Amino acid sequence: MTEPVSHLHRALAAGQFVVTGEIGPPKGTNVGPCLHEAEAYLKGRVAAVNVTDIQTAVMRTGSMAMCKLLLERGIEPVFQMVCRDRNRLALQSDLLSAYILGIRNVLALTGDHVAMGDHPEAKPVYDLDSVSLLETMTRLESGSDLGHDFKGNPNTLDGAPKFFKGCCVTPCTDEVEPQILKLEKKVAAGAQFVQTQAVYDPVAFEKFMKLIEHLKVPVLVGIVVLKSAGMAKYMNRAVPGVQVPEPLIKELSAAPKENLKKVAAEIAGRLVRQMKPMCQGAHLMTLGWDDVVPGILANAGL
Amino acid sequence: MIVASPKPVTELKEIVAAHDKILFVGCGTCVTVCLAGGEREVGIYSYAMRMARRLAGRPIDIEQVTIERQCENEFIKDLAPAVERNQAVLSFACGAGVQALAERFLNRPVYAALNTQFLGILEDQAVWTEKCLGCGDCMLAQFGGICPVTRCAKRLLNGPCGGSTEECCEIDKDRPCAWQVIYKRLKGIGQLDRLEQIVPPKDWRPAWHGGARKIIRQEHRV
Numbered sequence: 537m538t539e540p541v542s543h544l545h546r547a548l549a550a551g552q553f554v555v556t557g558e559i560g561p562p563k564g565t566n567v568g569p570c571l572h573e574a575e576a577y578l579k580g581r582v583a584a585v586n587v588t589d590i591q592t593a594v595m596r597t598g599s600m601a602m603c604k605l606l607l608e609r610g611i612e613p614v615f616q617m618v619c620r621d622r623n624r625l626a627l628q629s630d631l632l633s634a635y636i637l638g639i640r641n642v643l644a645l646t647g648d649h650v651a652m653g654d655h656p657e658a659k660p661v662y663d664l665d666s667v668s669l670l671e672t673m674t675r676l677e678s679g680s681d682l683g684h685d686f687k688g689n690p691n692t693l694d695g696a697p698k699f700f701k702g703c704c705v706t707p708c709t710d711e712v713e714p715q716i717l718k719l720e721k722k723v724a725a726g727a728q729f730v731q732t733q734a735v736y737d738p739v740a741f742e743k744f745m746k747l748i749e750h751l752k753v754p755v756l757v758g759i760v761v762l763k764s765a766g767m768a769k770y771m772n773r774a775v776p777g778v779q780v781p782e783p784l785i786k787e788l789s790a791a792p793k794e795n796l797k798k799v800a801a802e803i804a805g806r807l808v809r810q811m812k813p814m815c816q817g818a819h820l821m822t823l824g825w826d827d828v829v830p831g832i833l834a835n836a837g838l
Numbered sequence: 219m220i221v222a223s224p225k226p227v228t229e230l231k232e233i234v235a236a237h238d239k240i241l242f243v244g245c246g247t248c249v250t251v252c253l254a255g256g257e258r259e260v261g262i263y264s265y266a267m268r269m270a271r272r273l274a275g276r277p278i279d280i281e282q283v284t285i286e287r288q289c290e291n292e293f294i295k296d297l298a299p300a301v302e303r304n305q306a307v308l309s310f311a312c313g314a315g316v317q318a319l320a321e322r323f324l325n326r327p328v329y330a331a332l333n334t335q336f337l338g339i340l341e342d343q344a345v346w347t348e349k350c351l352g353c354g355d356c357m358l359a360q361f362g363g364i365c366p367v368t369r370c371a372k373r374l375l376n377g378p379c380g381g382s383t384e385e386c387c388e389i390d391k392d393r394p395c396a397w398q399v400i401y402k403r404l405k406g407i408g409q410l411d412r413l414e415q416i417v418p419p420k421d422w423r424p425a426w427h428g429g430a431r432k433i434i435r436q437e438h439r440v
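Sequences listed follow chains A and B, in order. With this note's numbering applied, the first sequence corresponds to residues 537 to 838, in that order. With this note's numbering applied, the second sequence corresponds to residues 219 to 440, in that order.
The following block holds chain A by itself, in its conformation from the complex (with noise of 0.2 Å):
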């Protein structure tokens, strides 16, 4: 067992069940409604505060500096690090820049194509895939990285990272072979945790964790706030690979407006509690919303 580099990596080395959180940058410069809300609701309850990587394809605020804001407030981030917009320069150096500035969690992910944000012109990168990202922190980790010198030599760094690196994988989708076949590729490649795409069904959910057994890494379930039923419905016609099981739509639709809050609370912590003996953690993601939080937590009696 190597050194744990941040607070997540040793919480989960320790066997704890973790919960993380997550906060999406704004469209703009103003960031103190996002730094309140994660200072308000998630600090000290959660683990480690995800930050999504122009989420979407939407342009925001960038991930990165959102997290050291973080880092000041004594909050530890987990910086998402999407394929689309940067070449393998350009994510080596953001990789060496988030590291001197404190961040030891990167969740490497491919990210959602430039087609279904709000600068569909825009030219897509994807020069690295979400496993070649991690393949490449791994590099990094051990010095050099992934360009060479005229002999064919690797280049050596002068000081080496160290992350706490992370994947995604969707547990629910109709054909999942693929996803196991890319999560093994992205444990091999260096991923140490894995966050879930959002899962509704606990059974589903076991299913694919047995199915993922021989893989031995850590896997924090994700689960997407629910806000409302028109939402559920939403994500079931368009998010792939995310099911949203008719009682739960029912229970939502049932919920007077100013209760939906308390109701999206009991939703997420009676799902945290379901699938809390299925794996190491929880991955809470609320879109906004981070006011649940402490009742979620409540629920699912953590």
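Just so you know, these hints were derived from the structure itself, not from any lab. All values reported here derive from a predicted model rather than from experimental measurement. Here a beta-carbon is modelled for each residue, glycine too, at the ideal position from N, C-alpha and C. Take these hints with a grain of salt, some might be off.
[Said to hold, decoys possible] DEER-style ranges, computed between Cβ atoms: (1) B:A359 with A:D827: 53 to 61 Å; (2) A:F686 with B:L351: 25 to 33 Å; (3) B:G428 with A:K579: 45 to 53 Å; (4) A:L607 with B:P226: 51 to 59 Å; (5) A:G610 with B:E385: 40 to 48 Å; (6) A:S789 with B:G408: 47 to 55 Å; (7) B:R435 with A:F686: 25 to 33 Å; (8) A:S629 with B:L351: 25 to 33 Å; (9) B:M219 with A:P783: 52 to 60 Å; (10) B:T347 with A:A774: 23 to 31 Å; (11) B:G354 with A:R546: 42 to 50 Å.
Here the structure of chain A is known, so what remains is to put chain B in place on it, guided by the hints.
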């Protein structure tokens, strides 16, 4: 083959607005097969252009010719007298053909009538799909003959992203996820083990990233 599609007549009208005597040149190879720039299309677009210009009160004189291949000097050279007779050339070839004409006939403007699209196949009647990006370092052997560099919207080399729905690409519901196709294909031919190997980042040097490429085959030079 190279697949192209014609520009709208309104755009072509703008492009040739300065001229009243022009040569339309079709190409008898790829763009004829994909119904974009052969003799037939040159005829149709000449007719449409004449009508548009007549309606605008500025008639245009169009001479039509279609040659076997606009990408080879051997076929281009005979165009010289016709080019000389006209103020400009509207080429119905792919981008390569247009440039071959432009480089040969230095004293006449040469315009493109088509949008050159991709290297692809005729998938169904009047349906063409892209299959090859011409990356210069073919990886098809690894992927069961299905190219993720071309057919995955994210050009992923190590498996699907989390974005495909019911086997369709995240960004186009009419396009199958290349990785689902690769997975099924490799499973079908008993080569799923190929997906277990981590594919390193692609070396883009053989591709277009260093500017226009050139191939010299010494054994064929005399």
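**Prompt:** Given a hinted range of 25 to 33 Å, is it respected by the beta-carbon distance of A:F686 and B:L351?
**Reply:** Roughly 29 Å apart at Cβ, these two residues keep to the hinted range, so it holds.
**Prompt:** Between A:S629 and B:L351, is the Cβ distance one that fits in 25 to 33 Å?
**Reply:** Given about 27 Å between the Cβ atoms, the range holds.
**Request:** For the range 42 to 50 Å, tell me whether the beta carbons of B:G354 and A:R546 fit it or not.
**Result:** 47 Å, holds
**Request:** Given the hint of 40 to 48 Å, check if A:G610 and B:E385 actually sit that far apart at their C-beta atoms.
**Result:** 45 Å, holds
**Request:** Could you tell me whether the CB distance from B:G428 to A:K579 stays inside 45 to 53 Å?
**Result:** 49 Å, holds
**A:L607 versus B:P226 beta-carbon gap, inside 51 to 59 Å or not** = For A:L607 and B:P226 the Cβ distance comes to about 54 Å; the hint holds.
**Asked** So does B:M219 sit 52 to 60 Å from A:P783, Cβ to Cβ?
**Response** Holds: the Cβ-Cβ distance is about 54 Å, inside 52 to 60 Å.
**Request:** Using the Cβ atoms, figure out if A:S789 sits within 47 to 55 Å of B:G408.
**Result:** Holds - the Cβ-Cβ distance for A:S789 and B:G408, about 49 Å, lies within 47 to 55 Å.
**Prompt:** Should the hint that B:T347 and A:A774 are 23 to 31 Å apart at their CB atoms be regarded as holding?
**Reply:** 25 Å, holds
**Request:** Given the hint of 25 to 33 Å, check if B:R435 and A:F686 actually sit that far apart at their C-beta atoms.
**Result:** Because 27 Å falls inside the window, the suggested range holds.
**Prompt:** Between B:A359 and A:D827, does the C-beta distance stay in 53 to 61 Å?
**Reply:** 54 Å, holds
Of the numbered hints given earlier, the model fails none.
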